[in-house]
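Protein sequence lines correspond, in order, to chains A and B.
Note that the working numbering gives residue 143 to position 143 of the first sequence, counting from 1, and the numbers run on in steps of one.
Positions in the second sequence are counted from 1; adding 1000 to them yields the working numbering.
Don't take every hint at face value.
As the list claims (entries may be wrong) - Subject to a maximum C-alpha distance of 25 Å in a straight line, what follows is the list of computed DMTMM-like cross-link-like pairs (lysine to aspartate or glutamate):
hint, chain 1, residue 1, chain 2, residue 2
1, B, Lys1020, B, Glu1107
2, A, Lys24, B, Glu1069
3, B, Lys1078, A, Asp56
4, A, Lys74, A, Glu122
5, B, Lys1010, A, Asp56
6, B, Lys1010, A, Glu212
7, B, Lys1048, A, Asp77
8, B, Lys1048, B, Glu1107
9, B, Lys1048, A, Glu73
10, B, Lys1048, A, Asp151
11, A, Lys74, A, Asp12
12, A, Lys24, A, Glu142
13, A, Lys157, A, Glu73
14, B, Lys1021, B, Glu1107
15, B, Lys1021, A, Glu73
16, A, Lys24, A, Asp12
17, B, Lys1048, B, Glu1101
18, A, Lys123, B, Glu1101
19, B, Lys1078, A, Glu122
As the list claims (entries may be wrong) - Computed footprint of chain B on chain A; a stretch qualifies when at least three of its residues, placed anywhere within it, have a C-beta under 8 Å from a C-beta of chain B:
hint, segment
20, 13 to 22
21, 77 to 84
22, 99 to 105
23, 165 to 178
24, 187 to 194
Hints in this document: simulated from the structure, not taken from any laboratory.
Built from N, CA and C at the ideal position, the CB exists for glycine as well.
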Amino acid sequence: MANTSTTTISWDGGSSPMNASYGKLMMWFFLLSDAFTFSALLITYGLVRSAHPAFDGAIDAFQFSQLYWPVPEKVFDAVPFLHGVEAPLVFVGIMTFILIMSSVTMVLAVEAGHRMDRAAVEKWMLWTIVGGFTFLGCQAWEWSHFIHGTDAGGLLKDGTTFFGANLSLNQYGPPDFAAFFFFITGFHGFHVFSGVLLNFLIYYNTVTGVYERRGHYEMVEKVGLYWHFVDLVWVFVFTFFYLV
Amino acid sequence: MAHHQETTVKVIPPDTAKIKKLWMTALILLVITVFEFIVAFTIPHEYKDLRVWIFIGMTIVKAAYIVGEFMHLRYETKFLLWSILIPTIFIVWMLVAFIYEGSAISEARF
C-alpha cells in the first residue's frame, strides 16, 4: 500500500474500504451523526427566533424586554475582572481563540504520531488538554454570569424585575432564549468535556508507551478528529448564536 | 544509550513545510474571526441581511479549512470525502424548511 506510516492498518477481511481503518471510518460517520444533532439544535434556534419579533430600534437604544428576541452582542458583553465594562463579544472571541489554538496543538500531536515521535506527541497532547480545560473554565464563568444576571436586571411580563436566567424565566428576553443558550452551549460544553477526557486517555497511553509498542499512533488521529469536530461546532455556535 | 528494545523505534524528523502549513491554517482561521468582529462592529445593524450573509460565508470558509486541513478530509479518498459531504444536504434542507416555517409562525402570530 502507498501508506508511509510504519504499519498498515487493515480490516479483518484484509482490505481497507476507502483506504481508512475501521475505527477511523466509524469515527467519521459518528461525527456526521453528531453534526445532525447539533444542526437540529441550531436550526431549531433559528426557527424559534424567527417566530419571535426582532428588535427593530436603534442599536444604542436596546433594552432587555420580553417582547422581542434580544440582540446577542448586548447580552454577552461582560468580561471577567472588568465588572461594569461593556465589551461586546470580547470574551466569546477569547474563547474562540483558545479553541482554535487547541485545535492546532492537536493536529501537531497527530503529525508527531505519524513520525513515531513520542516526546512530541506528549508535549502537544498536554497543550491540547490545557486548552480544553481553559475553554471549560471560560464557559463556567460565562454560564455563571448568565445565570446570575446584570446589576440592573430586566423586567418580566408581570412587571417584576428579574436577575439572570433559568430554564423558565430570564431577564434578557423571551424564556426560549435562555433555554437555547443552556442547551446549545451546554451540549457543546459537554462535548468539550468528553474531549478533554479522551485527550487525557491518549496522553496517558502515549506516556506509558502503549502506542509505541502497538507500532502506530492511530488513536491520536481518531480522537483528534473528534477534537476538531468540537472546534468546528463552536465555529457554527459562534456565528449563529453570538454574531447573527 | 544502553537501553532496551524501546529505543529502537525510529523517529522520523519533522517535515517543516507540513507543519508550517498547519500553522498557516490556524492563522487563516484567526484572521477570518477577527474580520467577523470588524464586520460585527462596523457594518450597522440596519444592513442585517448583508451582515448575516457575510457571517454565513465566513463560517463556511472556516468550516472548510477545519474539515479539509485539520481533519485531513481533503487528502482522503474521494469516496470517503463524498460519503461525508453529501449527507449534509439533509442539514441544508432542514435549515430551509425550518426557517420558512418560523417566518410563517411569525406572520400568523404578529
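Hints versus structure:
1. For the hint pairing Lys1020 (chain B) with Glu1107 (chain B), the CA-to-CA distance comes to about 52 Å; that exceeds 25 Å, so the pair is violated.
2. Taking the CA atoms of Lys24 (chain A) and Glu1069 (chain B), the gap is near 16 Å; set against the 25 Å cutoff, the hint holds.
3. Taking the CA atoms of Lys1078 (chain B) and Asp56 (chain A), the gap is near 47 Å; set against the 25 Å cutoff, the hint is violated.
4. At most 25 Å may separate the alpha-carbon atoms for a hinted pair to count; Lys74 (chain A) and Glu122 (chain A) exceed this at roughly 41 Å.
5. Between Lys1010 (chain B) and Asp56 (chain A) the CA atoms are separated by roughly 64 Å; this puts the pair beyond 25 Å, and the hint is violated.
6. As the CA atoms of Lys1010 (chain B) and Glu212 (chain A) are separated by approximately 10 Å, the hinted pair is consistent with the 25 Å bound.
7. For a cut-off of 25 Å, the pair hint linking Lys1048 (chain B) to Asp77 (chain A) stands: about 20 Å separates their Cα positions.
8. Proximity of Lys1048 (chain B) to Glu1107 (chain B) is assessed by CA-CA distance (about 19 Å); at most 25 Å being required, the pair is judged to hold.
9. Taken as a hint, the Lys1048 (chain B) and Glu73 (chain A) pair is honoured in the structure, with Cα atoms around 14 Å apart against an allowance of 25 Å.
10. The hinted pair formed by Lys1048 (chain B) and Asp151 (chain A) fails the criterion: a straight-line CA distance of about 30 Å is larger than 25 Å.
11. Distance check on the hinted pair: Lys74 (chain A) and Asp12 (chain A) sit about 56 Å apart at the alpha-carbon level, beyond 25 Å; violated.
12. A hinted pair counts as satisfied when its Cα atoms are at most 25 Å apart, and Lys24 (chain A) with Glu142 (chain A) does not qualify at roughly 34 Å.
13. For a cut-off of 25 Å, the pair hint linking Lys157 (chain A) to Glu73 (chain A) stands: about 23 Å separates their Cα positions.
14. The suggested pairing of Lys1021 (chain B) with Glu1107 (chain B) is violated, with an alpha-carbon distance near 49 Å, which exceeds 25 Å.
15. As the CA atoms of Lys1021 (chain B) and Glu73 (chain A) are separated by approximately 33 Å, the hinted pair breaks the 25 Å bound.
16. Annotation: proposed proximity of Lys24 (chain A) to Asp12 (chain A) holds, straight-line Cα distance about 14 Å (limit 25 Å).
17. About 20 Å separates the Cα atoms of Lys1048 (chain B) and Glu1101 (chain B), which keeps this hinted pair within 25 Å; it holds.
18. Restraint check for Lys123 (chain A) and Glu1101 (chain B): not satisfied, since their Cα atoms lie roughly 49 Å apart, outside the 25 Å limit.
19. With a C-alpha separation of about 32 Å, the suggested pair Lys1078 (chain B) and Glu122 (chain A) falls outside the 25 Å cut-off, and the hint is violated.
20. Only residues whose beta carbon comes within less than 8 Å of a beta carbon in chain B count, and the segment 13 to 22 of chain A has 3; three or more means the coverage holds.
21. Residue count for the segment 77 to 84 of chain A with a Cβ under 8 Å from a Cβ of chain B: 0. That is fewer than the three needed, and the coverage hint is violated.
22. Three residues within the 8 Å Cβ limit are the bar, and the segment 99 to 105 of chain A against chain B gives 4, so the coverage statement holds.
23. Coverage of a stretch by a chain is defined here by at least three residues with a beta carbon nearer than 8 Å to that chain's beta carbons; for the segment 165 to 178 of chain A and chain B the count is 0, and the condition is violated.
24. Counting residues of the segment 187 to 194 of chain A whose C-beta sits closer than 8 Å to any C-beta of chain B gives 0, which falls short of three, so the coverage hint is violated.
In summary, the structure is inconsistent with hints 1, 3, 4, 5, 10, 11, 12, 14, 15, 18, 19, 21, 23, 24 from the numbered list given earlier, while agreeing with the others.
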